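The lines below spell out each chain.
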Amino acid sequence: MNKIASGEPLILLLVEDNEAHAEMVKRSFEQHQVSNLIRHVADGQAALDYLRREGEYDDDKKYPFPHCVLLDLRLPKVDGLEVLRQIKTNEKLRKMPVVILTTSAAEKDVAMAYEYHANSYVVKPMDFGKFESLMNDLGYYWMAWNQDPWNE
Amino acid sequence: MIPKILQPISARLALVIGVMLSGFIVIAATEIGVFDQLNQAFDKREQLNQQDILLHHFEETILASIILANKVVLESDAEAIPGLLALSEDTLALFGQYQSDAEAFNLLQEVYLAQEYEPVVFQLRNDFHSIVATFREQNLVKAQEIRKVILNKRLNILETFLEEAAELRNIDIANQGVRISELKQQATLYSLLIFFAVAMIASILIILVNRSITKPLTDLTHAVDQFDPGNPDTGFALEAGKLSDDEVGRLARSFEVVAQQLQHNELARQKFVDQLEQKNIELERFTYTVSHDLKSPLVTVKGFLGLLERDLESGDTERVKKDMQQITGAADKMGNLLDDLLELSRIGRVVNKPQKFSLSQLTEEVVFLLQGIIDNSGASIKFDDDMPSVIADKNRINEVMQNLLENAVKFAGENNKPKITVSAQQIGEWVECRVKDNGIGIDPRFKEKVFGLFDRLELSIEGTGVGLALVKRIIEVHEGKVWIESQGIGQGTQVCFTLPSPFLKRVNNE
Chain A
1 MNKIASGEPL ILLLVEDNEA HAEMVKRSFE QHQVSNLIRH VADGQAALDY LRREGEYDDD
61 KKYPFPHCVL LDLRLPKVDG LEVLRQIKTN EKLRKMPVVI LTTSAAEKDV AMAYEYHANS
121 YVVKPMDFGK FESLMNDLGY YWMAWNQDPW NE
Chain B
1 MIPKILQPIS ARLALVIGVM LSGFIVIAAT EIGVFDQLNQ AFDKREQLNQ QDILLHHFEE
61 TILASIILAN KVVLESDAEA IPGLLALSED TLALFGQYQS DAEAFNLLQE VYLAQEYEPV
121 VFQLRNDFHS IVATFREQNL VKAQEIRKVI LNKRLNILET FLEEAAELRN IDIANQGVRI
181 SELKQQATLY SLLIFFAVAM IASILIILVN RSITKPLTDL THAVDQFDPG NPDTGFALEA
241 GKLSDDEVGR LARSFEVVAQ QLQHNELARQ KFVDQLEQKN IELERFTYTV SHDLKSPLVT
301 VKGFLGLLER DLESGDTERV KKDMQQITGA ADKMGNLLDD LLELSRIGRV VNKPQKFSLS
361 QLTEEVVFLL QGIIDNSGAS IKFDDDMPSV IADKNRINEV MQNLLENAVK FAGENNKPKI
421 TVSAQQIGEW VECRVKDNGI GIDPRFKEKV FGLFDRLELS IEGTGVGLAL VKRIIEVHEG
481 KVWIESQGIG QGTQVCFTLP SPFLKRVNNE
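Protein sequences, first through last, are from chains A and B. Quick note: the first sequence uses the numbering used here, first residue 1, plus one each step. Quick note: the second sequence uses the numbering used here, first residue 1, plus one each step.
No lab work stands behind these hints: they were computed from the structure. These numbers were taken from a predicted model, which means no experiment stands behind them. Keep in mind that a hint or two might mislead.
[Stated by the list, open to error] Far from chain A, by Cβ distances over 12 Å, these chain B residues were calculated:
(1) ALA29
(2) ARG45
(3) GLU46
(4) LEU155
(5) ARG169
(6) ILE207
(7) THR214
(8) HIS264
(9) ASN265
(10) ASP339
(11) PHE368
(12) SER389
(13) ASN395
(14) GLU406
(15) VAL477
(16) PRO500
[What the hints assert, rightly or not] Taking lysine-lysine pairs in the DSSO-like style, the calculated list, with each CA pair at most 27 Å apart, reads:
(17) LYS447(B) x LYS88(A)
(18) LYS449(B) x LYS333(B)
(19) LYS449(B) x LYS436(B)
(20) LYS449(B) x LYS108(A)
(21) LYS302(B) x LYS26(A)
(22) LYS481(B) x LYS410(B)
(23) LYS419(B) x LYS436(B)
(24) LYS26(A) x LYS95(A)
(25) LYS449(B) x LYS88(A)
(26) LYS449(B) x LYS481(B)
(27) LYS382(B) x LYS472(B)
(28) LYS419(B) x LYS447(B)
(29) LYS108(A) x LYS295(B)
(30) LYS26(A) x LYS295(B)
(31) LYS410(B) x LYS449(B)
(32) LYS410(B) x LYS447(B)
(33) LYS26(A) x LYS322(B)
(34) LYS449(B) x LYS419(B)
(35) LYS108(A) x LYS447(B)
(36) LYS394(B) x LYS410(B)
(37) LYS472(B) x LYS108(A)
(38) LYS108(A) x LYS95(A)
(39) LYS322(B) x LYS130(A)
(40) LYS61(A) x LYS95(A)
In this text, a Cβ means the ideal position worked out from N, Cα and C, and glycines have one as well.
The shape of chain A in the complex, shown without the other chains:
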């Protein structure tokens, strides 16, 4: 069952240390046809705490469990690749779709991300038109088309 049919909003966890970029993602999703809820954390440790429901993130209402993670690679405290590795080696979290959203198109990063079982890897486009279009596509893809891994 997908979220359009159920009417539930898509909950996205945005892991992004650059406030400006986070703002851009949020504002792109504001324009979106599909209802969505974006939760933003600014470093890798916070992302892991959020997903593990630890510390301040144990409040399900305030910090709902996401359907999908948008993960930057260069992050303070815990690096993006390490966050990815920990998600994908965690029994409870490894089904979580993780989309790498970064400025780096370095081959090593792409290779490592897929090595750690990233579900998708996209590079932030320079052009804002393309940026918005990408956000739109990501929203549709993960909200409308993709089947929820926890859907029974």
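Given chain A, put chain B in place with the hints provided.
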């Protein structure tokens, strides 16, 4: 000229060969003696054989003369006397023949009783003479009587003598045969001994030469095989002290020199390669970081330009203002990043001559420089007047101190007046300096990460993430170490670094 390689064995060799040679000479001399005796024995046998022939002849003569004499005496009668006389003449001629034989016989030393029975023969001849004389007187009866009385007796003695002589002769010849075969056996034995002696000398010679040449060569080959120029822990396995002064020793020494050179070059090359690899990794990380972190503000600028356009259309002035701020912020950030990068890249290139200066004096100068932000934050900075001196690039260490003090002020935490202590002490060849604050502290997990380029832990506090990377770079250019000690969040932070001391010569740098 004996090759040197053979010199250590030449003494031993000479001794062994000497001993063997003297043995050989003794054996050879004995063998020659044996051959001499053998020759004598052969001569003796030859002599015996000749005697034998003579003796046979002698016997034949005697026997013939006796037979004739007997015939003369036995067949004698008056009518036959003239014929008998002729026979008697022949017999006497034979006796004459015997006379000359006996004389020849006497020349030989061993005549088997000839001397003994010669008188008997002479007696016999004389008797026969008297018989023949009696015949001539026609006194046949008297002649018969003489014959009966004398001749038989004489003949018996002669026969006995002949038998005994033959017997003794046979014994002598038999003995001589035994002696000859004994001597032949001895000769064979000594020949064998000589053969073995020669074989042994040859074997010992081969073994000694083999030892003195093959052994060192095998050792050398082994050492060359074992030698690994890439491993500084393994030397050339041959010990110089143990090497001989011969040709192989010199060869081994040459090998050792070449091996040492090879090892030296290999280690230098390895070090160089390691340095290059390190630089390459650094450069790769640098390029990656720069491309990523410089691209970020560009994405922001272009993104917010797009948003700005949309907000202008919709006339949302509040958002327009925010968009402009984002664009300005991104542009400023990019400017700062470029400045910091330039600064960072200069550390490796621009090196001022190291000088000796006191850390107290340096701290005082930096505190003076930062007086503005110190006063604004209400921070108190304490440091000793007698901190040790260091040898370093003073301008760079000034930057280090500036960065650390700025950090200590910046990361003080809310509602907290920074208390900063700078201390230093001499530890061996190094001076260890500590900048301690009572600020927000650092989670021990991130103690290494804070030194990474553009790595920032606290996004709420202004900065580009270059400061500590710069500090690390400067300290490492001075071959010092830099690390962070902190009990954790809220427990304050100590940044520690080491610099070379001017008072002790550093060994590891030479």
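Cross-check of the supplied hints:
No beta-carbon of chain A is positioned within 12 Å of the beta-carbon of ALA29(B); the least distance is around 94 Å. Here ARG45(B) stays apart from chain A, with its beta-carbon at least about 110 Å from theirs, past the 12 Å limit. With a least beta-carbon separation of about 112 Å from chain A, GLU46(B) lies farther than 12 Å from that chain, consistent with its non-interface assignment. At roughly 140 Å, the least C-beta separation between LEU155(B) and chain A is larger than 12 Å, which holds for a residue marked as non-interface.
The Cβ of ARG169(B) lies farther than 12 Å from every Cβ of chain A, with a closest approach of about 120 Å, so its non-interface assignment holds. The beta carbon of ILE207(B) is kept farther than 12 Å from every beta carbon of chain A, the shortest such distance being approximately 66 Å. Remark: the non-interface label on THR214(B) is consistent with the geometry, its nearest Cβ contact in chain A lying 57 Å away (cut-off 12 Å). No Cβ of chain A approaches the Cβ of HIS264(B) within 12 Å, the least distance being about 36 Å, so the stated non-interface status holds.
Residue-level check passed: ASN265(B) sits 34 Å from the nearest beta carbon of chain A, beyond 12 Å. Every CB of chain A is more than 12 Å from the CB of ASP339(B) (nearest about 19 Å), matching its label as outside the interface. Distance check on PHE368(B): its Cβ is at least 33 Å (rounded) from any Cβ of chain A, clearing the 12 Å threshold; non-interface status holds. Interface exclusion of SER389(B) from chain A stands, the closest Cβ pair being 37 Å apart, more than 12 Å.
The claim that ASN395(B) is not at the interface with chain A holds, since no C-beta of that chain comes within 12 Å of its own (minimum 30 Å). No Cβ of chain A approaches the Cβ of GLU406(B) within 12 Å, the least distance being about 19 Å, so the stated non-interface status holds. Look at VAL477(B): its CB is around 25 Å from the nearest CB on chain A, clear of 12 Å, so calling it non-interface holds up. The beta carbon of PRO500(B) is kept farther than 12 Å from every beta carbon of chain A, the shortest such distance being approximately 33 Å.
About 25 Å separates the Cα atoms of LYS447(B) and LYS88(A), which keeps this hinted pair within 27 Å; it holds. Between LYS449(B) and LYS333(B) the alpha-carbon distance is near 21 Å, which keeps this suggested pair within the 27 Å criterion. Distance hint between LYS449(B) and LYS436(B) is fulfilled; the C-alpha atoms sit about 19 Å from each other, no more than 27 Å. Distance hint between LYS449(B) and LYS108(A) is fulfilled; the C-alpha atoms sit about 20 Å from each other, no more than 27 Å.
A C-alpha spacing of about 16 Å is found between LYS302(B) and LYS26(A), which places the hinted pair at or below 27 Å, so the restraint holds. For a cut-off of 27 Å, the pair hint linking LYS481(B) to LYS410(B) stands: about 23 Å separates their Cα positions. This hinted pair checks out: LYS419(B) and LYS436(B) have alpha carbons roughly 8 Å apart, not beyond 27 Å. With a CA separation close to 24 Å, the supplied pair LYS26(A) and LYS95(A) stays within the 27 Å bound.
Taking the CA atoms of LYS449(B) and LYS88(A), the gap is near 23 Å; set against the 27 Å cutoff, the hint holds. Between the alpha carbons of LYS449(B) and LYS481(B) the distance comes to roughly 15 Å, so the proposed pair stays at or under 27 Å and holds. Proposed proximity of LYS382(B) and LYS472(B) is supported: the alpha carbons are some 23 Å apart, at most 27 Å. Distance check on the hinted pair: LYS419(B) and LYS447(B) sit about 21 Å apart at the alpha-carbon level, within 27 Å; holds.
Between LYS108(A) and LYS295(B), the direct Cα distance comes to roughly 17 Å. Compliance with the 27 Å bound is thereby established for this hinted pair. Among the hinted pairs, LYS26(A) with LYS295(B) is consistent with the structure: their alpha-carbon atoms are about 20 Å apart, no more than 27 Å. The straight-line distance between the Cα atoms of LYS410(B) and LYS449(B) is roughly 18 Å, inside the 27 Å bound, and the hint therefore holds. Taken as a hint, the LYS410(B) and LYS447(B) pair is honoured in the structure, with Cα atoms around 17 Å apart against an allowance of 27 Å.
Annotation: proposed proximity of LYS26(A) to LYS322(B) holds, straight-line Cα distance about 14 Å (limit 27 Å). Restraint check for LYS449(B) and LYS419(B): the C-alpha separation of about 25 Å stays at or below 27 Å, so the hint holds. Proximity of LYS108(A) to LYS447(B) is assessed by CA-CA distance (about 25 Å); at most 27 Å being required, the pair is judged to hold. With a CA separation close to 24 Å, the supplied pair LYS394(B) and LYS410(B) stays within the 27 Å bound.
Distance check on the hinted pair: LYS472(B) and LYS108(A) sit about 25 Å apart at the alpha-carbon level, within 27 Å; holds. About 24 Å separates the Cα atoms of LYS108(A) and LYS95(A), which keeps this hinted pair within 27 Å; it holds. Our distance criterion of 27 Å between C-alpha atoms is met by LYS322(B) and LYS130(A), whose separation comes to about 22 Å. With a C-alpha separation of about 22 Å, the suggested pairing of LYS61(A) with LYS95(A) holds against the 27 Å cut-off.
Violated hints: none; the structure is consistent with every hint.
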